[in-house]
Amino acid sequence: MSKKLSRRELLKGTALVAGSAAATAALSGCTKVVTQVVEVEKEVEKVVTQVVEVEKTGPINSFGLALPPDARPLDQQVWKIGSDMTAAHGHWMKSLYNLLWGNTMHDEPLVGLDYNNDPFPCGAESWQIAEDGSYWDFPLRKELVWTDGTPVTAHDYEWTLKWTMGNGYDFGWYYSDVKNAMPVLNREMDPSELGVEALDDYTLRIYTNFPCPYLPMVMCFYMPMSKTAFDAHGEMYELDPATYNGCGPWTLTKFDRATGCEFELFKDYKGVRKVYFEKCIMGPMAGGLAAYMAGDVPSYGMGAGTPPGEQAFINTNPVLRGESHPVAPNITSYLGFSMDPGKFPPLDNYDVRLALCKAVDKETMVGAVGKGFALPAWGILPPGFVNYNGDVLKQQDCNVFDVEAARQLLSKAGYPDGKDFPEFEVYCRTTITPYMEAAQAAWKENLGITIQLKALDYASYGEQVWTNKLAPMYRVEYSLDYFDPSTFLNVFRDGGRHPHSNPEWTANYNIANATLDPVKRMELLKQSEMDLVNSLCFYGLQCDISYELFPCTLGGDFATPDRNGFLNGYARGRSAYNDLYWTTSTCRDSLEK
Amino acid sequence: MLRYTLNRLLGIMVMLILLSIVTFVLSRTVPGGPFGKAEVPMSKVQMDQFYEKYGLDKPILEQYLTWLSQAVRLDFGVPFTAPETTVTGLIMKLLPYSALVGFLACVFALTLGIILGMIAAANPNGWVDNSIVTYSIVAGSIPSFVLGFVVVYVFSAKLGWFPGGGWGGPEHLVLPVFAYGFPASAGVARWTRQCLVDIINSDFVRTAYAKGLQQSRVMSKHVLRNALIPMVTSFLPMFPGMMTGSIFIEQVFGLPGLGKQFVLASTNRDYPLVLGITIFWAVLISATYFITDILYGVIDPRVRISERAA
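So the protein lines, in turn, are chains Y and W. Its first residue numbered 1, the first sequence is counted upward by one per residue in the working numbering. Its first residue numbered 1, the second sequence is counted upward by one per residue in the working numbering.
For the record, the hints were derived by calculation from the structure and aren't laboratory data. Careful, some of the hints might be misleading.
Footprint (simulated), chain W over chain Y, 3 or more residues, beta carbon under 8 Å [claimed, not checked]:
hint, region
1, 181–187
2, 197–203
3, 236–243
4, 450–462
Every residue, glycine too, gets a C-beta built ideally from N, C-alpha and C.
Can you make the complete structure from the sequences, with help from the hints?
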C-alpha cells in the first residue's frame, strides 16, 4: 500500500523531526546547533500486518471436502463393510429381505437420520403436513443429480414407489400408511392410484390413509430408483458399474459376487451428507475378535452370546474396553399367544394367559440369564425408546410375579395344579433362548404344566407362525424401523403379522396414532401400549443390550455416543457412512504389543 | 476296460438323476420358502407374484422336468440370490477360490502327513513314532475354525506377520491354508503310518533287506509303492472334498468360496443354487473315484490282470 504525502503532512513531520533533533543535541551538550528546514517529497510504503488464524485442516477428498486436521492421509480413508454377497438386489426399494446393502450410500433418501436419530431433510429440503393431516408435501433439493448427469426429480420418487408397490415389494407393508398402499400391494388397485404424486419436478406429495404425524420418519428409507437406467438396462441395473445410476454420495466401481464391491465418491454429488472417506469396500470379511484386533474388520459386537472368556479378555484389555460402547436396546423379545376364540383352547381364556404370565419372575429371570446384557421388557417399547413407559407397565397385573395368584387363575380356568392342561409348544424363531427355558421351568415348577419349546429356522418360522398361524404360542423379537412408537405398535394392528385379531384395539390405536397434537398423541399411545399389554396377546420377555467395539482411531459424529449415551449403530448402518473418518491417533498401538 | 468305463459312467448318470430327484423334492418340502423371510408376512397375492416370476407356481413334476431338460445342457437356472448371473456362472466364479485354498491345503496336509507317517513307520514303537501318533491325535482333534481364530490372533493381531483375512496376494493364503491343512495332516500321517507298517512287516520287504538294500531304497522302491493303493484310495478324494470349500475356513478368514455359498443357499432356500452345487459336488466326487479306480491299474498291474481275468 503506498501513499503520497501532502505538503502539510510533510512540514508537520519535518518540524517534529527537527525539534526532536534540537532537543537531543541540547541535551547532549552539543556545541553547535544548526536548524535547517529541508523540504523533501518522497514515496513511503505502509506495511500493515495482521495476524489471521488459519484453521488447520486435513487432506482434501474427492468432493473437495477438507477432512478434520487429525485425519489420516486419503489413501487410508477406506471404509469396510462385511457382506457374504448372497442377496439379489442392490436397491432398498426393490427388496429389504433379499438386499445386498442396508445403507443409503447409493441414493438419497427423502429424509436422513443423524447420529442422535433425529431426522433431517436429505433428498427433501423440508416437509409440511396439510392442515387436515391428509397429506405431506416434500419440496426436493434441486441440486441433486444422477450419476448420468440428469436431475433427480419428484417424478423419480413417484415412479419408484408406484413400481415397487405394484411388484410385490417384500417390505411393502412398511408403507401401509400411504394411501391405497395395501390394495396396490395386493393387486386390488392399479399402482397409479397409490397416494404419491409429483406436483411438479421438485415437489412430492404423499397422501395418507389417516393423518400420519410420523410420516417423515417413515420416509428415511424412501430412495428413488433410476427409471432411465431401469428402462435401458433392466431391473438389475444397479449391480453393474457400467449400468449403475445412483444419486447418493457413492458410486459403484466394482461388483464381483466372489470378492465383493468397491465404491468411490460420486464427485457431482451436491447433497447435504458430508462423506470424508475416499473409498468403500464391501465383501467377505474375516470373523472374530482377533480379526477386529488386527484391524481387518472395522467393528465387533459383544453380547450375551459372546463366550465369557472373550468378554473377560475384552474387559481386561484397556484398549478394547475403551473401544466398547453400549448400543441402545432397540429390540424387544416377547412371547405371543394365539388367543382367537376356539383356536387353541384354553389360550383363548384370559385367566389362563394371565396365569402363564404371573408365574414367571421376569425381573429375576432376566437378571440371572442376561447377566447384564438384557433388561426386562415390561411392554413392547424397549427402555430408552421414545415414549417408553416401563415404570407404569411394570405395575400391570401380568408383569407382577405372584405364584399363588397364578395357581388360582389356572384353577379357576379348570386346571387345578395344572392337571389336564394341554401340552402346548412354543415356536421359537431360530433358537431356543435361555429365557424361554427359564420360563418353561417356571411354568413347570409354579403351575405344574408342561410346555414344549420348538426351534425353527427363520424361513420355516415365518411360514408356520405368521402365514399359516400354526403356533399356539411363539417367541420372537421385533426391532425398530424408525424412531417413533408406531414402529413397534403398528405391527400389532389387525393385518400385521400376529395370528390374532383385536379390532377394538386396532381402532383405538389408529385414532391415537393419527392425533396431530404431538403431546396428546404420545399420551394416547402410552394408553394404547398399556391396553395392548393388558390384552395379553403378548408378554414381554427381555430387551437385549449389546456392546459394539470400534477402533478408537475412528473419528466423527457417528463415532460419538448419542444424547442418551448410546452408540448409534442403527443410524450409522443406514447412513452413507458420512461424518466418519480415520484419525492419526496412536491409541491402538498397544494392542499390537 | 471300455466296458468297465461305460458301466461306471452309466452308474454315475443314474446316481446323478436319483440325487437330483431327492434334492429337488427335499429342498421344496422343507418348510419355508425363498420369499418367506419378511418380518411381516407377505400376502398370498404378493407371494404368488414371486412364485410366478420364478416358475414355482407350476406342479413339482413339471418344475423338475423343466429343470432336467435345462440341466442336460448345463443350464441349472438362475439363483434367487444372484439373479444377474446363472447357477453355472456363479459356481464357476466361486470355484477357483475354494479350489486354490483347498488344493494348497491338501498339498500341505499330504506333504506334512506323508513325511511324518513315513518317519513314524520307519521307527515303529519308538519315541518318534509315539510323538507322531500323539501329534496325529491332537492335531486331528482341533477343529479348523478354532485353529483359524488362534492363528489369526497370534500371527495377525499380535505379530502382524500375515493379514487376518480377506482375499488378496499370496500372503492372504498362508493362514487359511495352514488352518485348513494342519488338522487334515493328522489323518494323513496316521493312515500313512498304518499302511507302511503293514507293508514293512511283509515277507518281500524282509527279502529286500536280506538282499542288502539300503533302508531308503526299500522304503521308496518297495514299501511306498505297495502302500500307494490304500493311500491313493483315501487321499485322492480329499482333493474334491477340500477344494469345494469349507464354510468354517471361509467364514473365519472372510474368503469367497463354495462352502459358505452352499450353506447360505440352503438357509435362503435358493433352490436352483442348492441343486446346482449338489450336482456339481456329486459329479466332482464321482469323477474323482472314477479316476482313482483307473489309477489303481497304473499303480498296481495286478489290478489290470485281475480285471482281464474277470
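Tell me, which hint numbers fail for this structure?
Structure breaks hint 2 only.
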